[in-house]
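S.K.: If you want the building blocks of each chain, they are given just below.
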Amino acid sequence: MLKVEEQQPVEFSSALIEKFEEIVKRYPEGKQKSALLPVLHEVQAVLGWLSPAAMDKIAEYLSISPIEVYEVASFYSMYFLKPQGKYVLEVCRTGPCCLVGAEKLMGHIEKSLGVKENEVTPDGLFSWRGVECLAACGYGPVLQIGPEYTFYENLDEKKVDDLIQDLRKK
Amino acid sequence: MSRKLLLEHINVPGIHTLDVYRQKGGYRAVEKALKTLTPDEVVEEVKKSGLRGRGGAGFPTGMKWSFLAKPEGVARYLVCNADESEPGTFKDRYLMTHIPHALIEGMIVSSFALGAKTSFIYVRGEMMPQIRILEKAIAEAKNAGFLGKNILGTGYDLELYVQPGGGAYICGEETALLESLEGKRGNPRIKPPFPAIAGLYGCPTVVNNVESIAAVVPIINDGGDEYAKVGIGRSTGTKLISASGNLVRPGVYEIELGLPVEEFIYSDEWCGGIANGKRLKATVAGGSSVPVLPANLSIKLANGEPRLMSYESLSEGGFATGTMMGSGGFIAFDEDQCMVRNTWNFSRFYHHESCGQCSPCREGTGWMEKVLHRIEYGHGKMSDIDLLVDVAKKIEGNTICPLGDAAAWPVASAIRHFRDEFEWHVNNPQLSLDTNYGLANYAEPIAKAVSTEN
Ligand SMILES: Cc1cc2nc3c(=O)[nH]c(=O)nc-3n(C[C@H](O)[C@H](O)[C@H](O)COP(=O)(O)O)c2cc1C
Ligand code: SF4
Ligand code: FES
Numbered sequence: 000m001l002k003v004e005e006q007q008p009v010e011f012s013s014a015l016i017e018k019f020e021e022i023v024k025r026y027p028e029g030k031q032k033s034a035l036l037p038v039l040h041e042v043q044a045v046l047g048w049l050s051p052a053a054m055d056k057i058a059e060y061l062s063i064s065p066i067e068v069y070e071v072a073s074f075y076s077m078y079f080l081k082p083q084g085k086y087v088l089e090v091c092r093t094g095p096c097c098l099v100g101a102e103k104l105m106g107h108i109e110k111s112l113g114v115k116e117n118e119v120t121p122d123g124l125f126s127w128r129g130v131e132c133l134a135a136c137g138y139g140p141v142l143q144i145g146p147e148y149t150f151y152e153n154l155d156e157k158k159v160d161d162l163i164q165d166l167r168k169k
Numbered sequence: 000m001s002r003k004l005l006l007e008h009i010n011v012p013g014i015h016t017l018d019v020y021r022q023k024g025g026y027r028a029v030e031k032a033l034k035t036l037t038p039d040e041v042v043e044e045v046k047k048s049g050l051r052g053r054g055g056a057g058f059p060t061g062m063k064w065s066f067l068a069k070p071e072g073v074a075r076y077l078v079c080n081a082d083e084s085e086p087g088t089f090k091d092r093y094l095m096t097h098i099p100h101a102l103i104e105g106m107i108v109s110s111f112a113l114g115a116k117t118s119f120i121y122v123r124g125e126m127m128p129q130i131r132i133l134e135k136a137i138a139e140a141k142n143a144g145f146l147g148k149n150i151l152g153t154g155y156d157l158e159l160y161v162q163p164g165g166g167a168y169i170c171g172e173e174t175a176l177l178e179s180l181e182g183k184r185g186n187p188r189i190k191p192p193f194p195a196i197a198g199l200y201g202c203p204t205v206v207n208n209v210e211s212i213a214a215v216v217p218i219i220n221d222g223g224d225e226y227a228k229v230g231i232g233r234s235t236g237t238k239l240i241s242a243s244g245n246l247v248r249p250g251v252y253e254i255e256l257g258l259p260v261e262e263f264i265y266s267d268e269w270c271g272g273i274a275n276g277k278r279l280k281a282t283v284a285g286g287s288s289v290p291v292l293p294a295n296l297s298i299k300l301a302n303g304e305p306r307l308m309s310y311e312s313l314s315e316g317g318f319a320t321g322t323m324m325g326s327g328g329f330i331a332f333d334e335d336q337c338m339v340r341n342t343w344n345f346s347r348f349y350h351h352e353s354c355g356q357c358s359p360c361r362e363g364t365g366w367m368e369k370v371l372h373r374i375e376y377g378h379g380k381m382s383d384i385d386l387l388v389d390v391a392k393k394i395e396g397n398t399i400c401p402l403g404d405a406a407a408w409p410v411a412s413a414i415r416h417f418r419d420e421f422e423w424h425v426n427n428p429q430l431s432l433d434t435n436y437g438l439a440n441y442a443e444p445i446a447k448a449v450s451t452e453n
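Taken in order, these protein sequences are the chains called A and B. Note that numbering that gives the first Met the number 0 has the first sequence beginning at 0, numbered continuously upward. Note that numbering that gives the first Met the number 0 has the second sequence beginning at 0, numbered continuously upward.
With the rest of the complex left out, here is chain B:
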């Protein structure tokens, strides 16, 4: 069994209540941090842990915290990003539903480290049930003296509020989230200034993912050095993986970073293989925004070595033969799935969710959706395939926020690895409406993969 740092007690009946959570050692990290450590010492432990942000970008959390500006007399804020809208990602909802106090405890310790007196958890509006769960848990924690004025007699004050979103993927982007929290449309801000200097209400602000903040609890309990022993290389600790698609057992899993992808997919401890006895065709390892990989490259690196679930191994080979850890949204496609249709679906998603501020993103996502739609529905031309590559290239790197890249990468990678399937659609418009291209040769792990581009 692999080590669990976040979900160890998830199956304990009543763990969502303060009493049971405390019986299982909950709120020790609050006691330890507030009573025996200084805020800087808490930051130091988080730095030592090597924890990297779990929201998608993988930026070291301790380093992010140390960038926070601390002008005299100006409020600072911690905002938890519980917007969780990246297709394929559902770990934060799981954690908040079943063990809400893990997040609240992490928020208290992290707010203390940053010197925040008011903190917010921004939860996507569709998660109304989770908002109620968190509000109830916050009330419990406040009653027990873990929130409010003079927490545990230490003189530290903290108010914690839950803020609902309104249904917009873009509000997961941290500056759009802050705009939304200020009661505005979710238009990302131009950076700099970064939130660490001017964030919520123009004050220094840290935005962190739910899982990042929950991970602060075991880091403080056991020490940053202990946490760093789990995992592999610079991918320290455990990671929640949301597994979806054609798997025997989809769901949320806590893995030690460094687990081989093949084991994660096929072992009975994890996803138990591909559903209905089918074969694996492709995976998207880190949520819809990261490049899709064919089965062989999902499981093995280009040099034939096993690919591991770690930041480094997943991105090994760059975009030619690799992908990214992203948010840990692991989507498995079986042999009956159509890569063209899925790429169109994702493009429609990004077009729908573009905030419309920059023209490459607003227009480009629309073009990609339209061109993919016509290929999928049997009206595509061969030149459309290169047109897609061209549009994707023109969006990438030319926008205010990374949504543009997130929209471009799935399209570019699908064509990079599955170009023959796109061509087959163009050449067989009628046939492609009735049947699927199938597996091709993607499932056989190959000794050395050939990169087709860049």
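Chain A extracted, bound-state conformation:
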């Protein structure tokens, strides 16, 4: 659910605005609303999540009403409406991955990070959650990390531990 408490003002960089403009040009005149999903991705990649203030700003930029942005951002699973860890480990929890050990792996991640699904570690570095099929079912268990959505495939406990260590050192 949307909470309106986090109202820090948001300014978009000129690089970001330039990116928006390039996106809007793809669509016919008057159809700039089509840019909404790609623009939300661009903003989330920079800010880490979509605050109400950021969404309002997007609405203003695309000349649509704020509710049109909220309803889209809350419909799609990739958009974060709350602050997340710097790295969000998104593990596939759907059938085919479970046949090859995804559920056990999620248990292991919960233990390793010491936080429950959708919670952020105290140092702000990590959160994790189960997501639905990532179209990598033959290479499961699999997880992805945004904003570039790098895939990590054929995972086991050791590989996940190494990954977490590497990210900690970054």
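One should not assume that every hint holds.
Taking lysine-lysine and the DSS-like style, the derived pairs with C-alpha atoms no more than 30 Å apart in a straight line are [to be verified]:
| hint | chain 1 | residue 1 | chain 2 | residue 2 |
| --- | --- | --- | --- | --- |
| 1 | A | Lys110 | B | Lys369 |
| 2 | B | Lys190 | A | Lys32 |
| 3 | A | Lys81 | B | Lys369 |
| 4 | A | Lys103 | B | Lys369 |
| 5 | B | Lys34 | B | Lys148 |
| 6 | B | Lys369 | A | Lys115 |
| 7 | A | Lys32 | B | Lys141 |
| 8 | A | Lys32 | B | Lys148 |
| 9 | B | Lys69 | A | Lys30 |
| 10 | B | Lys148 | A | Lys24 |
| 11 | A | Lys81 | B | Lys183 |
| 12 | A | Lys169 | B | Lys135 |
Pairwise CB distance ranges, derived in the manner of DEER restraints [unchecked claim]:
| hint | chain 1 | residue 1 | chain 2 | residue 2 | range |
| --- | --- | --- | --- | --- | --- |
| 13 | A | Ala44 | B | Lys69 | 37 to 43 Å |
| 14 | B | Gly114 | A | Glu28 | 18 to 24 Å |
| 15 | B | Pro192 | A | Glu28 | 22 to 28 Å |
| 16 | A | Leu166 | B | Gly377 | 37 to 43 Å |
| 17 | A | Lys81 | B | Ile189 | 32 to 38 Å |
| 18 | B | Leu430 | A | Leu124 | 39 to 45 Å |
Looking from chain B toward chain A, a few residues come up when the C-beta cut is under 7 Å (computed) [said to hold, decoys possible]:
| hint | residue |
| --- | --- |
| 19 | Glu125 |
| 20 | Gly166 |
| 21 | Gly244 |
If you are wondering where the hints come from, they were derived from the structure by calculation, not from laboratory data. Treat the numbers as computed from the prediction; the structure is a model and nothing was measured. Note that beta-carbon positions come from the ideal geometry of N, C-alpha and C, so glycine has one too.
Using the hints provided, position chain B with the ligands relative to the given structure of chain A.
M.R.: Same frame as chain A, but now just chain B with the ligands:
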């Protein structure tokens, strides 16, 4: 070795680049179509090929194209469906990762056939790396004069854009996809009107799967008649199969349609058998939405003849003893897998992904998830099993889009074929938490299968 029409060069180093792709004969289909054929002639070749949509429904692509309305002065669109979210399906991601120009070449030829001047590839948002790959390949193609204004001096203009989704299975449904591309929630539209009449921005639109569009390239290169010689009966050509689950070698395979299922599972050319020396218990042949089959019926038809990987053979026997080709997501379950747990998992998926517009789907998927959860966790009642069948029946056919059916079929089929396992869970709540029902008699191919329902 079986013939490869899409993945022949997949292992050539650098095939993702325009140069190498062209060295291997790439962009011949663009040259041929734009310089020597009319748009209608391209449509005719696709019709002759017998190509059926690879996204799930299997509708003949040429016929779909010929339905496209062509009012004067109105833009037409081709939208490629690269949403690929059906559990068990990962072929489109594979193709776009390794041989992106195959899709782009197919998009150019198909857009030309349909008279589209702007086309979109709608890629699920999680495939950000593939989006970058496609954008790079599009830039290369544009530089080489295969996209943009006056392509190859033929006077044909085309702009091609990649659109990311936001993470929603329902956006694979073509009208939900169009809503999403217009910047809205992915709520499927009520049909008619069909996209061929009123699609993107209300204009005539064709939506096709990645693999369907890539298949247009060999069809134009070799001719529709040649393509139709590959495969079996009305299942022409090759098909990408995403193989997952408990197999020795899961992965993406290009098969000639008509390959026996048994050979696909066990032969070393393909999946190499069941992993860890276990036995096969069940398969889901076409992605999570199609009916699950026990091992015996996966491999043989009810009359004992071998089952083949073709649209007709997979659906032989209807839902009583058959399944569907779907998207070609082939999931294999070994003897240690629990059918109740997997059915619950799939139900949770559909409940999570329901867009919520129609109550049978929104509520029904939730009930099924809940009831399956309690059976799986040892709190089920015997009457729950029939309750599930009842709920599944009430969803089926009563919704705006086929997601409702897709949610109902896995549950109905699991109970149809594995009812004893569900009953065992109800009767042995404690035991079923610690151990599995096992293989039962499903792995022994039987001479004549008994249908238990309908
Ligand atoms: C719930 C649902 C999800 C779907 N997901 C996909 C998908 O991810 N990719 C796809 O190509 N088709 C998907 N489809 C099928 C599309 O609606 C459409 O039939 C297809 O893209 C047409 O392309 P084709 O004729 O080339 O197969 C889905 C359908 C439904 C009902
Ligand atoms: S069947 Fe389900 S997913 Fe499809 S429109 Fe209705 S509620 Fe939405
Ligand atoms: S089930 Fe995990 S990627 Fe498909």
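S.K.: Would you list, in rising numerical order, the hints stated earlier that this structure does not obey?
M.R.: Hint check: nothing fails, all pass.
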